Amino acid sequence: MPRVSPPHGQEPVRGGPGTAKRVYAWFEQRLQLEGPVKDAALHPVPRSTASWWYVFGSAAFTLLLLQIVTGVLLALVYVPSAGEAWSSLNVLNHQIPLGWFLRALHGWGSNFMVAIVLIHMAQVFLFGAYKFPRELTWILGVFLLLMTLGMAFTGQVLRFDQDAYWGLGIGASILSRVPFIGGGLVHLLLGGPIIAGATLSRFFALHVFIIPGALLVFALLHIWMVLKLGINDWPMPGRLVRRATYMEEYNRLAHEDGIPFIPGAFWKDLAFSGAILAAVAVCAYVLGPFGPSGQPDPSIIQTVPKPDFFFLWIYTVLSYLPPEMETPFILIAPLIGIAILLAIPFWAGEGEKSWHRRPVAVLAVSTIAICFAVLTQLGTSTPWSPHMSAWSGDPIPVRYLQTATPLVRQGAVVFQAKQCRNCHSIGGAGGERGPALDDVATRMTLDQMRFKVVSGGGNMPAYGKNLSAAEIEALVSFLETLHPANEPPAYDASRRAVDESRSQPNAGAPPANPAANRGTNP
Amino acid sequence: MSQEEQPLGGGGTQSASAPGSGDAARHDDPRIVSRRWLLFKAAVGLNGLVGIVLAVPVFRYLLAPWRKDSSYDSWVSLGPIDSFPMAETRLAFYKNPSANSWDGQTDNVACYVRHAGGNQFQVFAINCAHLGCPVRWFPQSQLFMCPCHGGVYYADGSRAAGPPERGLFTYNWKVVSGELHIDAGQMPTLSNSAKLVKISLGQGDCSCRA
Ligand code: FES
Numbered sequence: 001m002p003r004v005s006p007p008h009g010q011e012p013v014r015g016g017p018g019t020a021k022r023v024y025a026w027f028e029q030r031l032q033l034e035g036p037v038k039d040a041a042l043h044p045v046p047r048s049t050a051s052w053w054y055v056f057g058s059a060a061f062t063l064l065l066l067q068i069v070t071g072v073l074l075a076l077v078y079v080p081s082a083g084e085a086w087s088s089l090n091v092l093n094h095q096i097p098l099g100w101f102l103r104a105l106h107g108w109g110s111n112f113m114v115a116i117v118l119i120h121m122a123q124v125f126l127f128g129a130y131k132f133p134r135e136l137t138w139i140l141g142v143f144l145l146l147m148t149l150g151m152a153f154t155g156q157v158l159r160f161d162q163d164a165y166w167g168l169g170i171g172a173s174i175l176s177r178v179p180f181i182g183g184g185l186v187h188l189l190l191g192g193p194i195i196a197g198a199t200l201s202r203f204f205a206l207h208v209f210i211i212p213g214a215l216l217v218f219a220l221l222h223i224w225m226v227l228k229l230g231i232n233d234w235p236m237p238g239r240l241v242r243r244a245t246y247m248e249e250y251n252r253l254a255h256e257d258g259i260p261f262i263p264g265a266f267w268k269d270l271a272f273s274g275a276i277l278a279a280v281a282v283c284a285y286v287l288g289p290f291g292p293s294g295q296p297d298p299s300i301i302q303t304v305p306k307p308d309f310f311f312l313w314i315y316t317v318l319s320y321l322p323p324e325m326e327t328p329f330i331l332i333a334p335l336i337g338i339a340i341l342l343a344i345p346f347w348a349g350e351g352e353k354s355w356h357r358r359p360v361a362v363l364a365v366s367t368i369a370i371c372f373a374v375l376t377q378l379g380t381s382t383p384w385s386p387h388m389s390a391w392s393g394d395p396i397p398v399r400y401l402q403t404a405t406p407l408v409r410q411g412a413v414v415f416q417a418k419q420c421r422n423c424h425s426i427g428g429a430g431g432e433r434g435p436a437l438d439d440v441a442t443r444m445t446l447d448q449m450r451f452k453v454v455s456g457g458g459n460m461p462a463y464g465k466n467l468s469a470a471e472i473e474a475l476v477s478f479l480e481t482l483h484p485a486n487e488p489p490a491y492d493a494s495r496r497a498v499d500e501s502r503s504q505p506n507a508g509a510p511p512a513n514p515a516a517n518r519g520t521n522p
Numbered sequence: 001m002s003q004e005e006q007p008l009g010g011g012g013t014q015s016a017s018a019p020g021s022g023d024a025a026r027h028d029d030p031r032i033v034s035r036r037w038l039l040f041k042a043a044v045g046l047n048g049l050v051g052i053v054l055a056v057p058v059f060r061y062l063l064a065p066w067r068k069d070s071s072y073d074s075w076v077s078l079g080p081i082d083s084f085p086m087a088e089t090r091l092a093f094y095k096n097p098s099a100n101s102w103d104g105q106t107d108n109v110a111c112y113v114r115h116a117g118g119n120q121f122q123v124f125a126i127n128c129a130h131l132g133c134p135v136r137w138f139p140q141s142q143l144f145m146c147p148c149h150g151g152v153y154y155a156d157g158s159r160a161a162g163p164p165e166r167g168l169f170t171y172n173w174k175v176v177s178g179e180l181h182i183d184a185g186q187m188p189t190l191s192n193s194a195k196l197v198k199i200s201l202g203q204g205d206c207s208c209r210a
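For the record, the sequence lines run as chains A and B. UniProt numbering puts the first residue of the first sequence at 1, with every later residue one more than the last. UniProt numbering puts the first residue of the second sequence at 1, with every later residue one more than the last.
Misleading hints may appear alongside valid ones.
[Said to hold, decoys possible] DSBU-like cross-link-like pairs, simulated, lysine-lysine; straight-line CA separation at most 35 Å:
no., chain 1, residue 1, chain 2, residue 2
1, B, Lys174, A, Lys465
2, B, Lys41, A, Lys228
3, B, Lys174, B, Lys68
4, A, Lys21, A, Lys38
5, A, Lys268, A, Lys21
6, A, Lys452, A, Lys228
7, B, Lys41, A, Lys306
8, A, Lys268, A, Lys228
9, A, Lys465, A, Lys228
10, B, Lys95, B, Lys174
11, A, Lys21, A, Lys228
12, A, Lys306, B, Lys95
[Claimed, not checked] Sample of chain B residues facing chain A (criterion: CB under 8 Å; computed from the structure):
no., residue
13, Phe40
14, Ala42
15, Ser98
16, His115
17, Gln140
18, Leu143
19, Pro163
To be clear, the hints were calculated from the coordinates, so they are not data collected in a lab. This structure is a prediction, so every number in the text was calculated from the model and none was measured. Glycine included, every Cβ here is placed at the ideal spot set by N, Cα and C.
When you get a sec, could you build the whole thing from the sequences and use the hints?
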């Protein structure tokens, strides 16, 4: 068999270290990456930056990569069509092996990413890392936060279910409040006059091409600047940032008391990123994917739409704002918030970095964190929403009716049948929109209750037109029994005088306490 | 030096010295420099021009959904008026006039029809006037309640309680040969339904288009 000699200048490929080196050299000759990569990996950073506090940025980037990978994998199956998206998600959940796990990874990855980005931002702020010369890094970071939130919202839309549908409706309603061009903006958002096929298509483009593209470019620039400007040195109280001297001081710190970035500082980043990925995987495996909830069919109106976790606080704000403040607030507050974030590095670009000497910064971060926690907690329990099925689902506790007169029992029926229960709880069950009524009789007299029922007021609709006189009488009789056994119902003094004078003719009758003959709850 | 050992290309300074420009004296010649720059600027200008020409159709395309309300709205039937009993409020459905085959169920729109007596109707949008959640009708208490932020409306659509600033959105309606028709086509929001409505708390009686 004749031996074929390899073509001139080309070695036959054989195993061994020599070959590996040659292959490496072949690529390196063309790519020329070794120099820049070595520079980046080995550049000295101040020893103090090798801290567990400095791991959130890299973890956020790791999560971005996870989202890209899982997103691409989901896109292999997902159908971005209003008619089919929901079914394709169900196929992913139930028919494709481990499709549910991929969806869960993507969903939990998203939650983790928003959380880590927020923590990263708070840390950077408290450590003064936005100050000279890292102003632009911070500004890009603000845009990265906005894009991350944008991804979270558009992702919720791609999970094209009832929540997504009505969430879009809320988005459109908010946009419609923009003066003059609101209508046009709604059409642009929805891609037409209603939430339909065109809407999902454009949110798909946003979620899959536009925002991720920008997010990736911005994130790489952000990291580029971290490499070029160096990791923020650990803030020391009293060590002030001055434009004239900072670079020199930093370089001295990095070179005299520095360590190479890899492995000195980077091992903690790696370890934390690994732990975060593991946490996402565990959450995904144990808690499973998000939705999809019901079909995106607007003719199914038995739905209680709710936003995803990171938008719950907005949901709360929108329920508690006084109506006249709402439009200015939802249109202007976000702009002011973003403007403040963007202005911070220019406003406080020099000076003290340490949180020990920046009480206002600490106060601001803690206030925002507490507000976020409280508003989110409220958004989870939604005390302002009527419980739509309380009237037919939650029974009146038996102990309230055991000794009740027929009139009181009839009142309890009215109470249930007229949906009072949807907003008022009794015995711990029912809506929380209005006050709980277990001891309402101690707070209001019979006449006050009658007046409130008939004419409403505050957040209480007027029932005058919707209840007959007999129904109102029965209802307030029932309400009057709602007081603790050891506490008498509230009673109007002038009323008592009238009642007593009425009862004068038949002396011997006890002073009237109308509740006494209507039965009380024990 | 052999080409194998050296990086290919070799950085900005080297490649800038193109063949023919080796003569230092010619570098300084203002005519040559200005001609190159002129050509460069002309090429940039050409790209700018083409960019602008291309931007016009791109923007036109992007803004395509931004249309007058009237171009989306049209009259649709909700069925015979007999299906809406006197003094009752019923859920009714229609297919949105501008529908695509890939819209799935999303173009099934619901609305509430109240037969107020005689030949008088009120047709309410399902969307809460606050932020658009689907309100639910409770015939027992004659109230519409919103599951989102707790808005409540009376049977005639006027505001009863909660965050909404006004009553429910209503559709224009007419009766054509025994069928109830409404002027519909858009998701009702404050921008397309509230232009002529004076907002007053407590009595959101309004006749507006949705
Ligand atoms: S959407 Fe109905 S109360 Fe907010």
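Evaluation of the provided hints:
| no. | hint | result |
| --- | --- | --- |
| 1 | Lys174/B - Lys465/A | holds, 28 Å |
| 2 | Lys41/B - Lys228/A | holds, 33 Å |
| 3 | Lys174/B - Lys68/B | holds, 22 Å |
| 4 | Lys21/A - Lys38/A | holds, 17 Å |
| 5 | Lys268/A - Lys21/A | holds, 30 Å |
| 6 | Lys452/A - Lys228/A | violated, 68 Å |
| 7 | Lys41/B - Lys306/A | violated, 55 Å |
| 8 | Lys268/A - Lys228/A | holds, 20 Å |
| 9 | Lys465/A - Lys228/A | violated, 72 Å |
| 10 | Lys95/B - Lys174/B | holds, 17 Å |
| 11 | Lys21/A - Lys228/A | holds, 30 Å |
| 12 | Lys306/A - Lys95/B | holds, 26 Å |
| 13 | Phe40 | violated, 27 Å |
| 14 | Ala42 | violated, 30 Å |
| 15 | Ser98 | holds, 6 Å |
| 16 | His115 | violated, 17 Å |
| 17 | Gln140 | holds, 5 Å |
| 18 | Leu143 | holds, 6 Å |
| 19 | Pro163 | holds, 6 Å |
In summary, the structure is inconsistent with hints 6, 7, 9, 13, 14, 16 from the numbered list given earlier, while agreeing with the others.
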